[in-house]
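A.B. asks: Chain by chain, the residues run as shown.
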Amino acid sequence: MRINEKLGRDLTLRTYVITRFLLTIPMLFLLVTVVFIVLRVIPGNPIRAMYGELVTPEFLEEMTKKLGLDKPIHLQYVDYWARLIKGDFGVSIWSSRPVIEELSYAFPVTLEVSIAAMILSIVAGMPLGVISALKRDRFHDYLIRFFSLAGFALPIFFLGMILQFVLGLQYPLFPIQGRYGTRLELPYITGFATIDTLITGNFSGFLDVLAHLFLPALGMAWHISALISRISRANMIETLGEDYILTARAKGVRERAVIYKHAFRNAILPVFTVIGIYFALLLGGAVLTESIFSLPGMGLLLIDSIFRRDYPVIQGCIVVYAIAVVVVTTIVDIVYAFLDPRIRY
Amino acid sequence: MRARLRKFLAAHSKPALLTFFIGLAIVIMLVFMAIFAPLISPYNPIKGVSEPMESPNGNHPWGTDTLGRDVLSRTIWGGRASIMVALIAMLVSLGVGSPLGAISGYLGGKLDRVFVIAMDTFYAFPTHIMALMIAIMLSPEAMNIAIAVGAAHMPRYFRVVRSISLSIRERLFIEAEKSLGASSSFIILHHILPYTISSITVLMSLGIAHSILTVAGLGFLGIGVQPPTPEWGTDMRWGRDIFLIGKWWAVVYPGFMIFLTVMGFNLLSEGLNAIFQERGGGRYAT
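Protein chains in written order, with our numbering: chain A, 1 to 345; chain B, 1001 to 1286.
Don't read these hints as lab results, they were simulated from the structure. One should not assume that every hint holds.
What the hints assert, rightly or not - To give an idea of the chain A side of the interface with chain B (calculated C-beta under 10 Å), a few residues:
#, residue
1, 23
2, 26
3, 34
4, 37
5, 39
6, 153
7, 156
8, 157
9, 168
10, 276
11, 284
12, 303
13, 321
As the list claims (entries may be wrong) - Computed footprint of chain B on chain A, listed as stretches where at least three residues anywhere in the stretch have a Cβ under 8 Å from a Cβ of chain B:
#, region
14, 307-318
15, 322-332
Think of the CB as a built atom: it goes at the ideal place given N, C-alpha and C, for glycine as much as any other residue.
Work the whole structure out from these sequences, hints included.
C.D. replies: Structure follows, in structure tokens:
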């Protein structure tokens, strides 16, 4: 009986994981196609847009051929996919470097600061939400809820600037710009400054990188921790009202144990489902944070490329965002399915 | 009228009413400020009227910016662009997202699956990047920014309306309508959409709050409403140059106004949500 049950569970889990993986295909397909459409329907000739109005007709023709823009749109679309699958994003018009190289420098920066922000917001948001739920409708609850509403209403760039001003200039505790001090020379190994300093055994460099990471991560985390605390609060309140909590209390389990062993675990699990969505939110918010703290990540690269009309880089950035979002949401869903046996297709 | 108000006040809890009325007061105040900007604003917002970067003083209570324009006047006028663009953006996402949600949830089947996958994909995609992408495609004019932001926010409306539509399509009264020969479009228009009104009201208020943040973010990146039109995000972009040398007023005032506006709409939606929940008919919209 037991074995059958277990077998049944694993089978459905496997179907779930496979279905979830298969779902990433239409998601990616859709996003990548939208990117193509968006960048191809931009009014006007992209080459003129890139090089200005002063190009010679010969150059225009040559570039049109080189970029494949003279072909019919459906062939261009096939071309586009063929090159994407090979990992060929073309060459940046601004720097003449392959786009993939630019991305391999920029992406780790964004991922690093987003992960740091995510850790900060979980560490701050969950306990606040739980405290809020336990002190429901009392002073602490209102205070925490007010802060979470306020955190949500502060524009991320405004908060970033305030942090820069207060913690960087008025009380110079943290560096306000860049990824690390100018004296630090960092080899490119993984692209993550934290990991690279640790690999090379440069511990003071590691601390320097962390110090640089703190303000941008805090600015991004504020907003997300507000959201996480709201959801944790709602879940905790709901869980505390469940019958099994009543049973535990009736059995004489101590209040602390009821809260931490019974309620907390069950309440916190669903919070992880939304983390995937929030991670995407963080990646998007990183555009603003990076431009304030001069972090050379994807956001800054994207914005700069938009102003330079560097289409291959714009396209590369957006495709990478799309892949990142799809991968993160898939991983989160699958991890959650392992944790919670109720989730199946 | 008075009796109705008294009944309304008696029927709801204090925190719900307090949140609702504080939010409403802030929103009304800001809308008045935006409408009557020409009357309230002391100076012309797009003309240099004094020395650049003057700190707050008697003539210019909120100081002047890098071009010597009055920050108070610009902030008052800026509310117009920000609120207007956010309002249109909200209407765009509402107008497209909720009918699609109603149809998708009611009809179900393959169409529903395709819609859900598409919307989930866009929902997961960062809003700022999505709005940026659409904004590059269109040119950066106020109307286009509104469309871009509206399109980026659309999946939220879709999701909420779809789930409501899905939950009521099996109900008896829908069954009864069907047996009387009502068409799908009739049922969607007369039964499903009215059913979603309380959730949509909450979402609309929340949607304006989100849109204001996104519009300001785009403005701050230089892709929003173009200068010299005053807009909070764009103004903060220019104020940033002098912010770090201690001239804070060109950033802090517009920043505070964004905060206040978003807070107002958030409180309003929070209050509405609580009120609808107390009535029992509403659902959690977030």
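A.B. asks: Hint by hint, note whether the structure agrees.
C.D. replies: Going down the list of hints, with the structure as the test:
1. 23: This hint holds: residue 23 of chain A lies near chain B, its Cβ roughly 7 Å from the closest one there, short of 10 Å.
2. 26: Hint on residue 26 of chain A: holds, closest Cβ of chain B at ~5 Å, below 10 Å.
3. 34: holds (8 Å)
4. 37: Holds: closest Cβ of chain B sits about 9 Å from residue 37 of chain A, inside 10 Å.
5. 39: Holds, about 8 Å.
6. 153: This interface hint holds because 4 Å falls under the 10 Å limit.
7. 156: Residue 156 of chain A check passes; min Cβ-Cβ to chain B is 7 Å, inside 10 Å.
8. 157: holds (5 Å)
9. 168: At 9 Å from the nearest chain B Cβ, residue 168 of chain A passes the 10 Å test, so the hint holds.
10. 276: With a minimum Cβ separation of about 7 Å from chain B (threshold 10 Å), the hint on residue 276 of chain A holds.
11. 284: Where the cut-off is 10 Å and the nearest Cβ of chain B is about 2 Å from residue 284 of chain A, the hint holds.
12. 303: Since chain B brings a Cβ to about 6 Å from residue 303 of chain A, closer than 10 Å, the hint holds.
13. 321: holds (6 Å)
14. 307-318: holds (count 3)
15. 322-332: That given contact holds, which follows from 4 residues of the region 322-332 of chain A lying within Cβ reach (below 8 Å) of chain B.
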